[in-house]
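Visitor: So the chains spell out like this:
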Amino acid sequence: MNNTKLTVSHAPFWHDGDSLFQMNLNIILALLPAAVYGIIQFGAPALGVMALSTSCAMLWELVVNRVSKQSFTIGDLDAAVIGLLFGMMLPAVTPWWLIVVGTFVAVVIGKSIFGGIGANPFHPALVGMAVLMLSWKMFFDFDTAYVNYIFDFPALTPLAAVKSQGAGVADLFSLSDMIWGRELGGAGTTFGLGLIIGGIYLILRGYIRWELSISFIVGILVTAALFYLSSPDNYAGPLFHLFSGYTLLGAFFLITENSSSPVNRIPMLIYGFLGGFMIILMRNVGAYADGTVLAILLVNLANPLVDNIRPKALGRGINNA
Amino acid sequence: MIKRSFFALSKPGLTCDLLEPDPEAPQKIDVPALLTLLLPEPLDGSRDALIQKGDTVKKGQKLQLYEDSIDYAVSPVSGAIKSIDTFTADDFRGLRTRIAIEKDTQAADGIEYPEMKQEVSFAAGHMNHLPGAPPFGRLARTEVPVNTLIIMVSDTDLLSTTSQYMGTTHAATLQKGVQILKQITKVPKIYLVLPDMLQDRVRFDGLTLLPVDLEYPEALPAMIMKNHLDKILPAGTTPEEMGICFIQAEAVVSLARAFETNAPVFEKCITLIDKTGARHRVEAVIGTPLGQIFSQLGIQINEMDRIVIGGPMQGFATFTLHHPVTPDMDTILVQDRQFITPLSDNNCVNCGKCIQVCPADIPVNLLVRFLQAGQYEAAADKCDLEACIDCGLCAYVCTSHIALSQYIRLGKHELQKLRADV
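One line per chain: the protein sequences are A and B, in this order. The numbering of the first sequence is the working numbering, which starts it at 1 and goes up by one. The numbering of the second sequence is the working numbering, which starts it at 1 and goes up by one.
Since the hints were derived computationally from the structure, they do not count as laboratory data. Predicted model only: the values in this text are computed from it and were never measured. Please note that the accuracy of each hint is not assured.
[Stated by the list, open to error] Simulated crosslink set (SDA-like; lysine to any residue; CA at most 20 Å straight-line):
#1 Lys5(A) <-> Gly298(B)
#2 Lys231(B) <-> Ile318(A)
#3 Lys69(A) <-> Gly298(B)
#4 Lys117(B) <-> Asp90(B)
#5 Lys275(B) <-> Phe316(B)
#6 Lys231(B) <-> Gly317(A)
#7 Lys382(B) <-> Lys5(A)
#8 Lys417(B) <-> Asp90(B)
#9 Lys5(A) <-> Phe294(B)
#10 Lys5(A) <-> Ile301(B)
#11 Lys186(B) <-> Lys275(B)
For reference, chain B alone in the conformation it holds in the complex:
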């Protein structure tokens, strides 16, 4: 954990990690006997789902709950569905469905996968699950066409080097992926974001590079748009609503690999930071429970430790070791219980540190007062709740240890509900 420096007249100066000069290949995690896939859609009790407990599935088979479902998963192994149920997911994600698949070790490694087509609708229908979670669903929608595609070879959060690793060690594959992307999406502008210190280490021909500083939060989408594209993200909207789509380097690499082999890709590259702060790079099949990764790496997880999925600033803590590897899981951070800083219910003391660090110039000290009082609409109207880009810096520096990010997340969530009711 990076502590406050003794002299703290300036900003905290958190910098993202740079990829080491000779990155080692990731350690492969064995495919477990039981895998779990997550779907953002809950089970509907009044309808019969297309997939049921006991069904056999083949590797590469597309699994969706109903005929009209948009979301789907692709089975990484052949086997049988052991269970299927709906649960409340972490971090305001609402109800989700998890499908547990028991691997059949006897099954032939037959892959059920349709013929590759260089069409965006095909990609949206069959390749959303690829490691790196490519946003094909958004690219396929045409109401607001995507006019700018930004490939992220930078990692957005601290500690992670997954995108940098995938983007630099697989630069050639990445470029093939970019060609495929160009053909299937027809997006006119494609940029590649990478840390400025990596510029000399890798070459990308024919791509416009946007070098970003390693200082946090320069690589967040809203900051890239502001600093490099001269576009200010309107408060309360997403880049995608403006026709700007961000795509992870790993997604582009996976896309190229899938087209190359005419088979789906399931191996997700993950940066794992253990309790001592040491970095491991692992490659696990999507659906692998985290517990399997920890036991293979010899990381002991004790009661009350914290497992963070995503980086220390924007990730979320999971409640179970059974949480599976998902397509968008770049980072896992394990924290020992004794290093977990407690939050408090103190009032804001108006020390002004949050104001100093906020990249979106939000009056956080006033905002938190509205949020604590539950006045979410006033918070949005008067204190720019929706301008927040979720970088987490305010809560990182808060002298009072207020759970500022949590208040803001809750505020945005409640605001959405309020607006939906109107």
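Excised from the complex, chain A in its bound form:
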């Protein structure tokens, strides 16, 4: 008994058992319905894109760990989440080299050089997407990407069609088609219902903050409704915007990225709303068909600023009587 060595550490001595691994595993789980649907819809190429993207992202993380002589962090699955999200946003027929380059940008430039997990000011997957979209624009035209596919629904990307042919085309795409994934889009972003189920799962499990998702959706709906009411002929309706493009992925998986979003309640509401507002602004006024990627990167910038609105800490600024 005399020399028993005991473990000594600081309070608290309990933990709720949560971990980064658990959190990221749950995010991957929540992404699976939409990803699996994408594989069913677009076949093996979609599986290839998502698998290559996930594994590449993890490999890049491993390389960075090795080069910077740090402990390996792929075990926390953060790189896997970035890779999977990145793969899901790409067209199912993306060439392999584009994925390798894109995941490099996402993981190395988007995350690692800022100091790794938790230190990135922007969503890493979006940084990768933005660089690819600006550099190799032709690979992101979904209409030409899927030219060899035969679909039993209008083989047009809803947002691009509306952009080029006017709001009248929006009627081609019924709401139920878009919810059930009968539209063109990224390898894993078409199945609206799957994304919603995944998002609600994450909200209930407490892995994403509901304030961000809800205010983002409200931002989309309100802004799109204002445009639609001002001129129904020129602008598509709010529900069309909500279920098309990357919007739902943005609402539950992109705007909610921990490191680049605020944590206080009022800032979260402002931030989410701002994200939704910016996307509709870009779609309706800007040059891009789907502004989600750039709009969210833009509001990422506003995060440190809005997060300054926070409650006063207990006893701050009170002088002792």
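Using the hints, position chain B against chain A.
Guide: Relative to chain A, chain B alone:
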């Protein structure tokens, strides 16, 4: 250990334990042959201490290092001082002195204790060691007079039921103690804090009750002040600086017993939670090494297990089985090595769970970044380091397993040093 619930949209919902309906009397621990008393004051090499190795002491004798020492201990047994040395104490407590006393089994049970006086200076001079650690030292100081005394029949940390047990099963003695307290301290306002679910089980006549919820951390001093007294504790100050003094139910009971018998009290009631989570209530003489309690209860302590003194949220882990029972030791928690969750050096990922649970509304996610960079003054100025009430909830929920409470404790400690240097 309470794990995260599957659906975790709301707060973690940690609740303090409620005293069982028919509490059993505590199991008595034998008085060991060798006891250790702790003094917060280190030995000064340049002076001769009043007590030396080999001195004989009597039960009830006051032991202090120097004539001008404020801190003292009272020997619970008659015997001889076997050793006296200074060591670095756990948990930022600095240097302390430990006095080992070998019990003399032959000695007559003579008690050396002065005549009881109903004066606060007498209490401060002779009764600080009572089980429950009454704050007589503070009550005796008059620069900022104490105007509110709060008797805690609630336990502040999880798992413990010591205060509830002492307060409810000894309610009559407690009330006598309150009368004595009133007379010696002349404090105008005395409140009694107890869990709201205990209200029907015990009656306290003539005392203002403050019923608190069992939800953690409602029974912490800063929360009681905020929710019941409408007083916000200014960041970086203690309730005592505001003239509000918290006193454990056990201290009040011990006070009444000491006056009743005209003799000091040494038996400390402790809630002990073993490795299986089972609760034991024991009564041990102050100075008993923890190892003695474990061997008497048949609790096996293995290498790398963790012994926590105080509750799971605010306690501290001791490095030795020889750590003695102290007057303020309400809870002992024993954790098996396989249930100890590892900490990590991950970065903060900004998941926001700490913000959600913090009762003091501190921007913990920003604070930890300043603390990790060692910028303690910036942490205090910009991120409310000093507003922290040390509840430990942020580290409990931290997804990254960052030792948040430790960073905060270290930050406060370093800040004090920085300010002392200026």
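Visitor: Next step is simple, just say for each hint if it's right about the structure.
Guide: Each hint, compared with the structure:
1. Lys5(A) <-> Gly298(B): 19 Å, holds
2. Lys231(B) <-> Ile318(A): 10 Å, holds
3. Lys69(A) <-> Gly298(B): 48 Å, violated
4. Lys117(B) <-> Asp90(B): Between Lys117(B) and Asp90(B) the Cα gap is close to 35 Å, so the pair fails against 20 Å, i.e. violated.
5. Lys275(B) <-> Phe316(B): Holds, at roughly 17 Å.
6. Lys231(B) <-> Gly317(A): 14 Å, holds
7. Lys382(B) <-> Lys5(A): This hinted pair is violated, its Cα atoms lying about 40 Å apart.
8. Lys417(B) <-> Asp90(B): 18 Å, holds
9. Lys5(A) <-> Phe294(B): 15 Å, holds
10. Lys5(A) <-> Ile301(B): Holds - the C-alpha atoms of Ile301(B) and Lys5(A) are around 10 Å apart, at most 20 Å.
11. Lys186(B) <-> Lys275(B): Roughly 45 Å between the alpha carbons, so the hint for Lys186(B) and Lys275(B) is violated.
When held up to the earlier numbered hints, the structure conflicts with 3, 4, 7 and 11 and fits the remainder.
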